[in-house]
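Peer 1: For reference, the chains in residue letters:
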Amino acid sequence: MAYQVLARKWRPKNFAQLVGQEHVIRAIANAFTSERLHHAYLLTGTRGVGKTTIARIMAKALNCETGITAEPCGVCSACTQIDSGRFVDLLEIDAASNTGIDNIREVLDNAQYAPTTGRFKVYIIDEVHMLSKSAFNAMLKTLEEPPGHVKFILATTDPQKVPITVLSRCLQFSLRQMTPQQVAGHLHHVLTQEGIPFEPNSLNLLGHAAHGSMRDALSLLDQAIAYGAGSVEEAGVRAMLGAVDQSYLFDILAALIAKDGAQLMVAADSIASRGLSYEAALHELAHLLHLVAVAQQVPGAIADDLPARDNILSVAQALSPEDTQLYYQIALHGRRDLPLAPDEYAGFTMTLLRMLAFAPAQPGQVTLSQPTPVAANPAPVARPTAQPPQATPVQVPPAAEAAAPDAPAETNLPWAQEAPAETSAPRDFDGNWRGLVSQLKLGAAGMLAQHAEVSAYDADSISLRVAAEHRAVATRDYQEKLKDALAAHFGKPVALKVEISEAVADTPAAQNQRERAARQLEAEDSIQNDPTVQALVRDFGATVVPDSIKPL
Amino acid sequence: MTHSFYPWLAPSWKQLVRGWERLPHALLITGEPGIGKRRLAEFLAQYLLCEARKPDHTPCGECDGCRWFLAGNHPDFRLLTPEDQSDAGEGEEAKTKRKLPLIKVEGIRELVDFVNLTPHRGGSKVVLVEPAEAMNTSAANAFLKMLEEPPQGVTFILVSHHWRRLLPTIRSRCRVFPVPTPAAAVAADWLAGHGVVNPVQHLAHTGGAPLAALDDARAEWLPLRTAFLGHIANPAALDVLGVAAELEKAKLDTGLVVDWLQKWVHDLIALGLSGRIRYYPDWRDDLARLASRAGNLLGFLDGLKESRRLAHHPLNQRLVFESLLFGYLEALRGKPRGTGHG
Numbered sequence: 001m002a003y004q005v006l007a008r009k010w011r012p013k014n015f016a017q018l019v020g021q022e023h024v025i026r027a028i029a030n031a032f033t034s035e036r037l038h039h040a041y042l043l044t045g046t047r048g049v050g051k052t053t054i055a056r057i058m059a060k061a062l063n064c065e066t067g068i069t070a071e072p073c074g075v076c077s078a079c080t081q082i083d084s085g086r087f088v089d090l091l092e093i094d095a096a097s098n099t100g101i102d103n104i105r106e107v108l109d110n111a112q113y114a115p116t117t118g119r120f121k122v123y124i125i126d127e128v129h130m131l132s133k134s135a136f137n138a139m140l141k142t143l144e145e146p147p148g149h150v151k152f153i154l155a156t157t158d159p160q161k162v163p164i165t166v167l168s169r170c171l172q173f174s175l176r177q178m179t180p181q182q183v184a185g186h187l188h189h190v191l192t193q194e195g196i197p198f199e200p201n202s203l204n205l206l207g208h209a210a211h212g213s214m215r216d217a218l219s220l221l222d223q224a225i226a227y228g229a230g231s232v233e234e235a236g237v238r239a240m241l242g243a244v245d246q247s248y249l250f251d252i253l254a255a256l257i258a259k260d261g262a263q264l265m266v267a268a269d270s271i272a273s274r275g276l277s278y279e280a281a282l283h284e285l286a287h288l289l290h291l292v293a294v295a296q297q298v299p300g301a302i303a304d305d306l307p308a309r310d311n312i313l314s315v316a317q318a319l320s321p322e323d324t325q326l327y328y329q330i331a332l333h334g335r336r337d338l339p340l341a342p343d344e345y346a347g348f349t350m351t352l353l354r355m356l357a358f359a360p361a362q363p364g365q366v367t368l369s370q371p372t373p374v375a376a377n378p379a380p381v382a383r384p385t386a387q388p389p390q391a392t393p394v395q396v397p398p399a400a401e402a403a404a405p406d407a408p409a410e411t412n413l414p415w416a417q418e419a420p421a422e423t424s425a426p427r428d429f430d431g432n433w434r435g436l437v438s439q440l441k442l443g444a445a446g447m448l449a450q451h452a453e454v455s456a457y458d459a460d461s462i463s464l465r466v467a468a469e470h471r472a473v474a475t476r477d478y479q480e481k482l483k484d485a486l487a488a489h490f491g492k493p494v495a496l497k498v499e500i501s502e503a504v505a506d507t508p509a510a511q512n513q514r515e516r517a518a519r520q521l522e523a524e525d526s527i528q529n530d531p532t533v534q535a536l537v538r539d540f541g542a543t544v545v546p547d548s549i550k551p552l
Numbered sequence: 001m002t003h004s005f006y007p008w009l010a011p012s013w014k015q016l017v018r019g020w021e022r023l024p025h026a027l028l029i030t031g032e033p034g035i036g037k038r039r040l041a042e043f044l045a046q047y048l049l050c051e052a053r054k055p056d057h058t059p060c061g062e063c064d065g066c067r068w069f070l071a072g073n074h075p076d077f078r079l080l081t082p083e084d085q086s087d088a089g090e091g092e093e094a095k096t097k098r099k100l101p102l103i104k105v106e107g108i109r110e111l112v113d114f115v116n117l118t119p120h121r122g123g124s125k126v127v128l129v130e131p132a133e134a135m136n137t138s139a140a141n142a143f144l145k146m147l148e149e150p151p152q153g154v155t156f157i158l159v160s161h162h163w164r165r166l167l168p169t170i171r172s173r174c175r176v177f178p179v180p181t182p183a184a185a186v187a188a189d190w191l192a193g194h195g196v197v198n199p200v201q202h203l204a205h206t207g208g209a210p211l212a213a214l215d216d217a218r219a220e221w222l223p224l225r226t227a228f229l230g231h232i233a234n235p236a237a238l239d240v241l242g243v244a245a246e247l248e249k250a251k252l253d254t255g256l257v258v259d260w261l262q263k264w265v266h267d268l269i270a271l272g273l274s275g276r277i278r279y280y281p282d283w284r285d286d287l288a289r290l291a292s293r294a295g296n297l298l299g300f301l302d303g304l305k306e307s308r309r310l311a312h313h314p315l316n317q318r319l320v321f322e323s324l325l326f327g328y329l330e331a332l333r334g335k336p337r338g339t340g341h342g
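Sequence lines, in order, name chains A and B.
Counting in the UniProt record's numbering, the first sequence runs from 1 upward without gaps.
Counting in the UniProt record's numbering, the second sequence runs from 1 upward without gaps.
Do not rely on the hints blindly, as some may be mistaken.
[To be verified] Computed list of lysine-lysine pairs in BS3-like fashion (alpha-carbon distance at most 30 Å, straight line): (1) A:K133 - B:K14; (2) A:K9 - B:K251; (3) A:K9 - B:K249; (4) B:K145 - A:K141; (5) A:K133 - B:K54; (6) B:K14 - B:K54; (7) A:K13 - B:K145.
Calculated directly from the structure, the hints in this document are not laboratory data.
Quick caveat, the model's predicted, so the values are computed rather than measured.
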């Protein structure tokens, strides 16, 4: 059983074979050619983009017997030994298994000794994000100024977990995810070399399914070869990936638009009966809804060569933008919650049913007893679009004309109804200070108004008295505000005089207080005179807690 | 053991054998719980370790390798399961049961030695990890290097119910081998052959997984579930505190009860909106009675998901059950609690 999986067999042996990391390779290759070597490198990127591979090639490039070079020969003893993993001066450390400070100390203790056969002692520390904090700190001094014969190459998927003190000591290269085209191109190369028949379209599918990782792609390719019994065919790959044919998704959307629950489940079942992956289905559905949303907002942005273009445009017509957003959200959440459902089928169907249930239903065809919060959304959204054409004629005439009671155009505007109410307010103060105060919008100056009593007034001026104990609210600021509010209310400037006096009784606050006290007394009376309460007090020795009585 | 190979696994086995010369060093077997993935993995392990494989692609069952394997002490086989660690505290079983079963990093570290030494029998070495998602973060990370490039002749078999919970770095190193859920007829026949009285119904309870259905049919808690469903089918007469106390007394796993309730609510909603029942066809009448209020339950379903996530936490069981049941009642009354919609 000497079979080696493709990902291992096709691990690149030199920079030229690497796919997709030109930006990193160029920097490294130039540095090696001009022998400007840094002593610590950090390679980051997601799974399967070539971190470990680049680290090994760098080790070869540093130790190749032809000299430090960007193109290791691959035939000298150093290169072959590194390829077969038995070069004494290359220490590949699995930081995830050796997380502790003791492990690192052991490794670093040996750093001071000169390399045995090679030019450099190369430490490849893989999965470096798993090192403990103390292990990282133990590394710092050596990492900063290692002996001349030591090179560190750190690799991790998760640079966020690496302390900044380590990051700053390393030359960091972040590897990119591969594009589906790059992946497909490489798979094409591998399959041709392996002599395995394939259909080019299947490689595109695999390229997309790999989500930017070459190792994922090669693992999937292995699976596809096993699945197709020695050949890679599009139908087989589609079946293997559970890739969802978009026609199912359009069925689902059609059922959602038609609000047909039974039809929706039929569409879901057709996905199930074909053994398609529910997660992929939700993913594709979210993707499709994204396209629909784009089609609704920017119709021109949908590429002409998209196979489902007409379908997308027709869905974009039939579905409201709010629904599209909502469905998109639900699809995303559903995908996240899939592992928490009783099983995947249930999670998937429940996500679809949720879309159905939260669809803004029209009155009359509601199947649910309760309107959802989302259902209320379209109405407020619709209003701003309707307003501008009507608002323009109203804004041109002065406010006085707008107050005319029989202007028919304005009656349906929400603010037009307020205008007459405001202007019909009394032009002059009638002495009812409390009533006036309750009509004014005062904010903090309300405190002043509440604690003031009218001592004298005429058409253009009002004199107020404020009790000495409330002197604090009678500041100039509040007076100004009150004056402004009065001016706005009466539509003319009003002179305001405020004096501090000893005895002030008739302020709105005091009136409120008196009324509350009266109501409280009344309430207490009614409790005390209540026959049931009296019976309780008499028969059970109950007591009434007076403070707990509150007027209704 | 060869004789008890489940009938529905035969196609999967055939598929594995067909690509035999391309068998990878790391295989990830995925599928719904309770469909015999572990059995398939063990069968594969035995076949790998067998020293006189039969021409029909089954292990012989007679050589040293097979006999050792069947006796559970083959020196070139390692099984990594969370139970390894939990059997230490047998005395306080009630306590350990609530703990989230995990494969810890020590287990993986011991593997390093096993993997790197030459095999005892000169053949292959097999490591079976089940379930793979039970590895905690550090265990999974420590596993990575080993999994990527093991020495010649080492095969890793990972079994996973929820492969999405695996680290992407683990997933990318394995070849995925999905095991399909068996067809209902095959599974029902098999269950009937094992003396299950009402196979179709039990299959429905478990969403079609035959082994889980067998457990379902033989479980001690079966009457408890019937009683529980009976209670929640009559929300008007539901005595929340009493039912919660009863459930707590039965010392059931929180996750199990959440699962019952989740399936029940799922059925309610599905019936109300699309006229389908998946899990409890035997309760159709009760479900139909409540289904008109199904739309209110979507919010409650979110709460249930949260409880499922927390099912392994050492929360007070009775309080959890009470809060779930009160939530259920409130949701039926049309007052969904303020959980996020959509």
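Peer 1: Decide, hint by hint, whether the structure agrees.
Peer 2: Hint-by-hint comparison with the structure:
1. A:K133 - B:K14: Judged against 30 Å, a Cα distance of about 49 Å means the pair is violated.
2. A:K9 - B:K251: violated (52 Å)
3. A:K9 - B:K249: violated (58 Å)
4. B:K145 - A:K141: holds (27 Å)
5. A:K133 - B:K54: Given pair K133 of chain A, K54 of chain B is violated - Cα atoms ~53 Å apart, limit 30 Å.
6. B:K14 - B:K54: holds (14 Å)
7. A:K13 - B:K145: Cα-Cα ~19 Å, so holds.
In this structure, the earlier hints numbered 1, 2, 3, 5 are contradicted, and the remaining ones agree with it.
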